[in-house]
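J.: The task is to assemble the complex, starting from two chains supplied on their own in separate frames and drawing on the hints.
Here is how the chains run, residue by residue.
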Amino acid sequence: MTDAVRTPDAIRFENLTLGYDRHPAVHHLDGALAAGSLTAVVGPNGAGKSTLLKGIAGALPPLAGHIRLSLGTPRGVKPRIAYLPQAADIDRSFPITVYDLVCVGLWSRAGLFGCIGRRDRARIGEALAAVGLTGFEKRPIGTLSGGQMQRALFARLLLQDADIILLDEPFTAIDARTTADLLGLVRRWHDEGRTVVAVLHDMEMVRQAFPRTLLLAREPVAWGRTEEVLTAENLMKARHLVEAFDANAPVCARDAA
Amino acid sequence: MLYDLLIAPFVEFDFMRRALVGAAALALSGGPVGVFLMLRRMSLTGDAMAHAILPGAAVGFLLYGLSLPAMTIGGLAAGFAVALAAGLVARTTALKEDAALAAFYLISLALGVTLVSLRGSNVDLLHVLFGTVLALDDATLLLVAGIATVTLVALAVLYRPLVLECVDPGFLRSVSRAGAVAHLAFLALVVINLVGGFHALGTLLAVGMMMLPAATARFWSGDITVMIGLSTLVGMLSGAAGLVLSYHTGLPAGPSIILVAGGAYVISLFVGPVDGLLWRLVPARHLEA
Chain A
1 MTDAVRTPDA IRFENLTLGY DRHPAVHHLD GALAAGSLTA VVGPNGAGKS
51 TLLKGIAGAL PPLAGHIRLS LGTPRGVKPR IAYLPQAADI DRSFPITVYD
101 LVCVGLWSRA GLFGCIGRRD RARIGEALAA VGLTGFEKRP IGTLSGGQMQ
151 RALFARLLLQ DADIILLDEP FTAIDARTTA DLLGLVRRWH DEGRTVVAVL
201 HDMEMVRQAF PRTLLLAREP VAWGRTEEVL TAENLMKARH LVEAFDANAP
251 VCARDAA
Chain B
1 MLYDLLIAPF VEFDFMRRAL VGAAALALSG GPVGVFLMLR RMSLTGDAMA
51 HAILPGAAVG FLLYGLSLPA MTIGGLAAGF AVALAAGLVA RTTALKEDAA
101 LAAFYLISLA LGVTLVSLRG SNVDLLHVLF GTVLALDDAT LLLVAGIATV
151 TLVALAVLYR PLVLECVDPG FLRSVSRAGA VAHLAFLALV VINLVGGFHA
201 LGTLLAVGMM MLPAATARFW SGDITVMIGL STLVGMLSGA AGLVLSYHTG
251 LPAGPSIILV AGGAYVISLF VGPVDGLLWR LVPARHLEA
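Sequence order for the protein chains is A and B. Position one of the first sequence corresponds to residue 1 (the UniProt record's numbering), numbered consecutively onward. Position one of the second sequence corresponds to residue 1 (the UniProt record's numbering), numbered consecutively onward.
A hint or two may mislead.
As the list claims (entries may be wrong) - To give an idea of the chain B side of the interface with chain A (calculated C-beta under 10 Å), a few residues:
| hint | residue |
| --- | --- |
| 1 | 153 |
| 2 | 155 |
| 3 | 158 |
| 4 | 169 |
| 5 | 173 |
| 6 | 223 |
Stated by the list, open to error - Covered stretches of chain A (chain B as the covering partner; in silico rule of three or more C-beta atoms under 8 Å from a C-beta of chain B):
| hint | segment |
| --- | --- |
| 7 | 77 to 91 |
| 8 | 101 to 111 |
None of these hints come from the bench; they were simulated from the model. Note that CB positions come from ideal geometry on N, CA and C, so glycine has one too.
One chain only, chain B, in its complex shape (with noise of 0.2 Å):
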């Protein structure tokens, strides 16, 4: 009964294995970008980024059809374009970087969709937008995986500045420059992350698998290493939830994954032991000191 519900479609299919696989790929890379993101206060920038990222998947779609490394190179150019504009913009004018950012996504945006509906029926730009999870080949699963192997290394690599560019910045100014090179390379990491995402949840969904199993992982832990540990899993488990409940339903897979995760951030809510909103209604009597 259990093993039907929960084994047997990954047994069975060959596709729903291959979305596990990617699902657990995002979510690795994903878990740990997410919770920086978060702390950082950047929350928004990973979607304002997803956004960036379509009209270079478009022009890729337009010139090669549905290719993987066309869509793929298409993307990252647009990401990395938009987040090097807006940083520019906002270093060398009074405009502030969510500002900046925010100008330069939406020209992207605009200029995405206009691409994919010159060519192309709905079809193609839903496939853009939300993703065929349901139908990784090997070539877009090696990139993902490959994506997240190259996050986790970096990660690892920029751990110390990208901490303390967060707690206390001027600190790092005064005794190093790796922060502005910490901060590049952190965006960079978000912008191959979501441009992994997008095709397997397609460029808005992407952003979800970082933010809401960080922002779930928030409400469990006051560490930072827990939370990290703890968004990686509760991505992971968002994705093979997501791909059962989308097996048993036949609701979209990619959307399913996503509201599986929203499910997750929105229990954590309420019953997180830290700060979750439920504990307020049944406050602790205070202690001695």
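If we strip away everything but chain A, and leave its shape as in the complex, we get (with noise of 0.2 Å):
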């Protein structure tokens, strides 16, 4: 991890345990990701994958350890983060518009009650362009296909303008052609120096269009240039690694100690 010395970090781990009722699913994670990189997270299923995503994002907090956060120069300033979840609890009945739907990521800019401008009505258009949804505008979103409503929370990430974008499973159960656009914007994020993390479960598109990557399995196994990660062994080493759910593990003592 040379090349992280030189530019700040973006998200720092300090022996980071995230877990539910005390079991542990990501254990005793030291490291960071440096500001402006783009990472993969891959791993086994149950490997902690999207725990540690939940964790970044604050939607979970830590059984022990730390997540700090930063922008990398300004002291105090707090990043923003974007978080796109695996299967997003969107209740796709609710009668509401694509536009609608999309225009909510100027959330951090309009709040409860601020205004939608010319201004930003250029921007969503735009966002909506940019994903090719161009004329789905007045469309509810119960009409949308999954890869279509892939789309259209890609749109209302690129109006989030975050810092940090958080990515779990983006691609699954998408079209290729699809695929290929959403990651398309991902490189655009990457290009603006925003730090991007997304969990997928592709080998290939990570090793073309992820230079950095966390091979987890609980703990790391690897972490690192995205060629030096990805080896035979180490993959065959996660795989090991995640044993069974124990009911009745101890304490761990790794703290103590």
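T.: Printed below as a string of structure tokens:
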């Protein structure tokens, strides 16, 4: 992790343990994600990938340790986080249009009462165009296909204009063309200097598009440049590390030592 | 002829005009509240809360007789207590909110019926259960109208987080803490509307003025703004038509209003252009694209 030293950290994990009901899903994670980095989080099912994103997003308080977020330069300014959960719990039968769903991405600017002005409308139009949903503005969200819904959610992410973008399996059950389009947006965010973390299962895509990778199996198996992390040996190791959930696990003694 | 049927009752009798104003005020706030209850899949929550109000109103009634402030304050206290207790249990234990609410409202209802029957005759019980829309005095009218005003203002303020809490609660949580506040404030609005409604329609039917117009509106539009407008309109028309029906047939007024709203719902269920049942029988041919 030599190149991480020069750029400031956007996200730093300090002996982080995240989990449910005292059972750890991410166990004693230490390390940092550089500002502006593009990182894939990979690992077997149950390895704690989604849990890690939830933790960064602040939706799950750590069992132990800390997650520190910073913009890198000015102190005290909290970075803006955009989080796209796996299978977002959206009520698709709710009578709301694509336009309205996308424009709530402006929440951090408009908030509870702020109005959506002409410049905002232009931005909403651009975001919809960027995901290829121009002309869908008036459609109720219930009429969208899975891929179109994902495009709409990416348009909302675009409007959120966040410093840190967390994507949990954004391309699962999405066709090749939509995936390619949305991956283009991820590259664009990377070029704009935003910190992007994505949970992925397609190793081929990770090798092609993601410079850095965290291979997780509750504990980090390997972390660094993608080609060094995704070796057959590491992947095999990760597969063996995630043991069954043990209801009678004893209290972890590592911190006491 | 038509004048005699529809207009004359209101022109001739003061109590009919008061009832009309009261029903209109209830519809004005019940319409939008009902639409949100329906869209949040909380239609039965309204019903449960209506039952929960009973013991509070009964305590007020026991202590002070048929006194408006006593029964209102009692009803509000019981409603808020049950809503808060159910919310706390749902958040801190494994029990889900519907089960927690069911438990508390049943306790509350049993307590309420017991309290009412301790004193008073069955007529008093009927009054609490079914209201007295034909005997609204100035104070009650002001209360109902005040509640409608507060509700509409509060809904305007809460509109954005309330809608977003229904569509994508996860997203709202990630950008703002307003979700929980909006949820609690909305429950409070439900309670005050039910308390306003029970003076006119009684605890059991007050919720009908919310849910039936909202469910009716769902069959006529897929747009939430239109739905809220339609729901209010259906509520107001049901109020007027129910009063006329009751005047000419001698049926009790409160149930008549709800029956008319129920009729509107059943008709819409069949002929409503959005997913109405009849349209399924004659499916139009599919389009080219």
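J.: If a hint holds in the structure, say so; if it does not, say that too.
T.: A quick look at each hint next to the structure:
Because the smallest distance between the Cβ of residue 153 of chain B and any Cβ of chain A comes to about 13 Å, over 10 Å, the interface hint for this residue is violated. Hint status for residue 155 of chain B: violated, given a least beta-carbon distance of 13 Å to chain A, over 10 Å. Interface hint at residue 158 of chain B: satisfied, since its Cβ lies 9 Å from the closest Cβ of chain A, which is below the 10 Å cut-off. Annotation: residue 169 of chain B was flagged as interfacial toward chain A, and the flag holds, the nearest CB pair being 7 Å apart, inside 10 Å.
Annotation: interface hint on residue 173 of chain B holds; nearest CB of chain A at approximately 7 Å, less than 10 Å. About 6 Å separates the beta-carbon of residue 223 of chain B from the nearest beta-carbon of chain A, less than 10 Å, and the hint is met. As drawn, the segment 77 to 91 of chain A meets chain B at 8 residues by the rule of a beta-carbon pair under 8 Å; at three or more, the given contact holds. Counting residues of the segment 101 to 111 of chain A whose CB falls under 8 Å from any CB of chain B gives 5; the rule of at least 3 is met.
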